[in-house]
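As a plain string of letters, each chain reads:
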Amino acid sequence: MRDVAIVSVAQTDHVRAEPRRNEVEMVQPVIQAALERIGAQISDIGFTCSGSSDYLAGQAFSFVMTLDAVGAWPPIAESHVEMDGAWALYEAWVKIQARQADTALVYGYSKSSPGDLPRVLTRQLDPYYYAPLWPDSVAMAALQARAMLDSGAITETEMAEIAHRSRTAAESNPHAQLKGSPPPEELLAGDYVAEPLRRHDCPPITDGGVAVVLAAGDRARQWADRPAWITGIDHRVDSHNFGARDLTRAPSVAIAARNAGVGYGAVEVAELCAPFTHQEKILRTELSLDDDVVVNPSGGALAANPIMGAGLIRLGEVAQRIMSGEVRRGLAHATSGQLLQQNLVAVLEGDS
Amino acid sequence: MGDPSSTQEVLRAPLTIGYDFKRTTGPVIGAFFTALAEHRVLAIRDTRSRVLCPPVEYDPDSGDPLTEMLEVRPEGTVTTWSWVSTIREGQPLQEPHALAMIRLDGADTSMLHVIDCGSPEAISTGARVRIRWSAEPAEGFANIECFELLEEDRDG
Amino acid sequence: MGERDDPAGDRSVAAMPEGLWTQPPVEVPELDMEQVRRVTEPATLVYTYTPGLAQTRFLRGLQEGRILGERAEGATDVYVTGRGMDPVLGRATTESVEVGPNATVTAFCVVHIGFGEKAPPTPFVSALIRPDGAAVSLYGTVLGIPYDEVRIGMRVRPVWLPESERSATFECITHWEPIDEPDVPAEELKGHM
Numbered sequence: 001m002r003d004v005a006i007v008s009v010a011q012t013d014h015v016r017a018e019p020r021r022n023e024v025e026m027v028q029p030v031i032q033a034a035l036e037r038i039g040a041q042i043s044d045i046g047f048t049c050s051g052s053s054d055y056l057a058g059q060a061f062s063f064v065m066t067l068d069a070v071g072a073w074p075p076i077a078e079s080h081v082e083m084d085g086a087w088a089l090y091e092a093w094v095k096i097q098a099r100q101a102d103t104a105l106v107y108g109y110s111k112s113s114p115g116d117l118p119r120v121l122t123r124q125l126d127p128y129y130y131a132p133l134w135p136d137s138v139a140m141a142a143l144q145a146r147a148m149l150d151s152g153a154i155t156e157t158e159m160a161e162i163a164h165r166s167r168t169a170a171e172s173n174p175h176a177q178l179k180g181s182p183p184p185e186e187l188l189a190g191d192y193v194a195e196p197l198r199r200h201d202c203p204p205i206t207d208g209g210v211a212v213v214l215a216a217g218d219r220a221r222q223w224a225d226r227p228a229w230i231t232g233i234d235h236r237v238d239s240h241n242f243g244a245r246d247l248t249r250a251p252s253v254a255i256a257a258r259n260a261g262v263g264y265g266a267v268e269v270a271e272l273c274a275p276f277t278h279q280e281k282i283l284r285t286e287l288s289l290d291d292d293v294v295v296n297p298s299g300g301a302l303a304a305n306p307i308m309g310a311g312l313i314r315l316g317e318v319a320q321r322i323m324s325g326e327v328r329r330g331l332a333h334a335t336s337g338q339l340l341q342q343n344l345v346a347v348l349e350g351d352s
Numbered sequence: 353m354g355d356p357s358s359t360q361e362v363l364r365a366p367l368t369i370g371y372d373f374k375r376t377t378g379p380v381i382g383a384f385f386t387a388l389a390e391h392r393v394l395a396i397r398d399t400r401s402r403v404l405c406p407p408v409e410y411d412p413d414s415g416d417p418l419t420e421m422l423e424v425r426p427e428g429t430v431t432t433w434s435w436v437s438t439i440r441e442g443q444p445l446q447e448p449h450a451l452a453m454i455r456l457d458g459a460d461t462s463m464l465h466v467i468d469c470g471s472p473e474a475i476s477t478g479a480r481v482r483i484r485w486s487a488e489p490a491e492g493f494a495n496i497e498c499f500e501l502l503e504e505d506r507d508g
Numbered sequence: 509m510g511e512r513d514d515p516a517g518d519r520s521v522a523a524m525p526e527g528l529w530t531q532p533p534v535e536v537p538e539l540d541m542e543q544v545r546r547v548t549e550p551a552t553l554v555y556t557y558t559p560g561l562a563q564t565r566f567l568r569g570l571q572e573g574r575i576l577g578e579r580a581e582g583a584t585d586v587y588v589t590g591r592g593m594d595p596v597l598g599r600a601t602t603e604s605v606e607v608g609p610n611a612t613v614t615a616f617c618v619v620h621i622g623f624g625e626k627a628p629p630t631p632f633v634s635a636l637i638r639p640d641g642a643a644v645s646l647y648g649t650v651l652g653i654p655y656d657e658v659r660i661g662m663r664v665r666p667v668w669l670p671e672s673e674r675s676a677t678f679e680c681i682t683h684w685e686p687i688d689e690p691d692v693p694a695e696e697l698k699g700h701m
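Residue numbers (the working numbering), protein chains in the order written: chain P, 1 to 352; chain X, 353 to 508; chain U, 509 to 701.
The following block holds chain P by itself, in its conformation from the complex (with noise of 0.2 Å):
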C-alpha cells in the first residue's frame, strides 16, 4: 500500500441559502484555496473527484459545470460520485493505491436551497416502495429515533444533550452554520418537528461545499509539515430495505471501521456524520468509541450539513487537526442515503 494523506482541506462559510451565485460560483473560491495553500496549480493534480447531485439545485449535469472551476481542458482525468465527496475521496484514494495518480483534487457541494430538500431527498429512495408515498426525510429520520427510543436505546434527553454540545462546539467553528444553544432542558419544551424528532434535532439545511487535496508519499510532505495520513479506509452499504433492516444499528459501521482499522490504537478524535441526533448514538454504538473520546468539535452535521459535502468535511475535519499538530490519531465518518445506509470510516494519523 502507498502512503497517501490530505494535506490540504478548504470549505465555505456554510449558510442557509447562498441566493445570488450558482453552484459553480460557490465552489470555486473552494477549490482555488485548497490548491493555493499548498502552492499547487491544477496541473499537479492528477486526478480530481466530486460528489454531487442534480436533484439537489435542479442543475442538469451540474457537476459538469462545476468542473470549469477546476481547469478541465486540455482533458484532465475526472470522475464523480453522486454521493457524499467522501466516497470521491475513496475513489481518489483508490486511484492513487493503483497508481494511476499521485496526487488528487476532491470536492463534494451542494445547494439545497433551490428546492424542498426534504421532499428532494425522497427521491434517493425504492421507487416501488417507498419512493410513492413521498415520505419526506425528517419523517423518515423520526422513524429511526421512535425505534431507538422504543429500544431504551437512547432517551429525548440524551438527543437534546448530543444536539446541545454539537452546537455549542460548533461556536469555535468559523464555518458553521449553526452555532450556540439553549440547555437541554430549554430544548426539550419545544415543539415537535416530527414526533420524535424536535427541531434541534434536525440538520440546517445547507449551501456549502468543501475541497481537498490527498498527495502520496514524498508529495505529501512536500505540500504538507505534517500531512494527515489515510492508514485505514472503507465502505459499507446496509440494506435499503428499510423494513428488513434493525433500525437501531447500522453494521455497515461496525464493519467498515475494523477494516479500516479503528481499533489498532487509541482514537483521539472523530468526526462522526450524524445529520440527526439520535443516529450520532448508533454510530458511536457502532464504532465503540470510548467515553474519552472528542466527537465532532467541529459541530457535526448538526452544526452544517451541506448534502455530497457533510461527510467529506468530516475528513478535513479530523486532517486539519492532525497538520495542525492537535492531535495524532484521529477517525472520520460519512454517511449517504438514509438512515445511515451507507457508511464510510476513515482512519488518520500524522508523524509522531
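Treat the hints loosely; a few may be bogus.
To spell it out: a stretch of chain X is covered by chain P in this simulated footprint if at least three of its residues, at any positions, have a beta carbon under 8 Å from a beta carbon of chain P; those stretches are [what the hints assert, rightly or not]:
#1 361 to 375
#2 414 to 426
#3 464 to 472
#4 494 to 503
Hints listed in this document are in silico derivations from the structure and should not be mistaken for laboratory results.
Quick reminder that beta carbons are idealized off the backbone N, C-alpha and C, glycines included.
Keeping the supplied structure of chain P fixed, place chains X and U upon it in accordance with the hints.
Quick look at chains X and U alone, frame taken from chain P:
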C-alpha cells in the same frame, strides 16, 4: 466588474422538473401489485424461511433469487412511526398523519406506509392497523390508500 | 459466450454461479387479473432556480441588446455565455467584455424534425455561432437563407426581439441572419470549432 449588487438583482425563476417514470415491475413486484388490485397482499419467502413483505426478488442477506410467493394478511402491527404535520404533494393523505413501518400478520419484515389516525395521541408502536383499500381501482402500490386503526385497538 | 479466463480474477466467466443473470420462475398464488408488468410513477420537483452572477450579467446584457462575455484577469480568452469561470484556467472571471454582435458560423446541422413550441418550420439550421471577440460559440438558429446554403465560416448577425418585448432571457435573440461579408477561412476557425 458590474456585479449584480443585491439579491434582488440576481435573476431567479421557477423551475419545474417532472417526468412520468414508467417502471417495469418484473415477476415479483408485478405479482404483488396485481394482488393489491384484488385486495390481497403477497409476500415472498427468503432462504431462511423469513417472509418478506413487501416482496423482493433477491434474498437481502445472501442475494439468492427468491421464488416462493405466499399470501399474508391485510392487518398488521406498527413497528415504528413518526408524525407528519407538513403535508407534501403526492403523499397518500392530505391531512396530518402517521408515517409508519407496519409488519403485516404473517410477515417478518415491515412495509412503509401512512396511517390515517387523526392525532399522534391515537397511535403507538404495537398498534394494530389494517389496509384501507383505495375507493377506485388504482395502479400498483396506490391500491393501498393508507392504513387505519383496527377497532380492537381503538377500544383498548 | 465462449469460456474465457478472467486474467484479473480467480474464475472463468463461464463459471459464474447459476441464476446470477437470470431469475428463476416465481411461484405465485393464483391471481384472477392479468399480471401487472409496468407502472407509471410520476415525479415532479419544483425549484427556485438562480443562474448565478455571471449568467445574470449575460442575460441582463441581452435584454439591453448586448452580448456580454467574461474574461479572467491576465487571460485573453473571452467566454460567452459566461458562467463566472475561465474553464481552462479554473479561475473566476473578473472582466465583462462586450462581444459581437457580428459573428461567424463555426458548426451547423440541418434540422428535419423540430420540437418545442417555438421551433421554426423544418427544415431549418441549428448552428454554433461565435460572436466576434469571443473564444467560444453560442447556440442559435440561422434563418433568412435557404438551409442548404448555410456553411461553416459564414458571417451572421443576431436578430433581436423588439426592445419592448425583451426580458432577461436567451430568447432576446430570435435567430441569426446572414450579412454581406466574405466567409471566414476554415483555418482561422481552428480551436473554435
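Hint check results:
1. Note: the segment 361 to 375 of chain X has 6 residues with beta-carbon separation from chain P under 8 Å; the three-residue rule is met and the coverage holds.
2. For the segment 414 to 426 of chain X, the stated coverage by chain P is violated: 0 residues have a C-beta nearer than 8 Å to a C-beta of that chain, whereas at least 3 were required.
3. Under a criterion of three residues with beta carbons nearer than 8 Å to beta carbons of chain P, the stated coverage of the segment 464 to 472 of chain X is upheld, 4 such residues being counted.
4. Residue count for the segment 494 to 503 of chain X with a Cβ under 8 Å from a Cβ of chain P: 1. That is fewer than the three needed, and the coverage hint is violated.
This entry does not satisfy hints 2, 4, going by the numbered hints stated previously.
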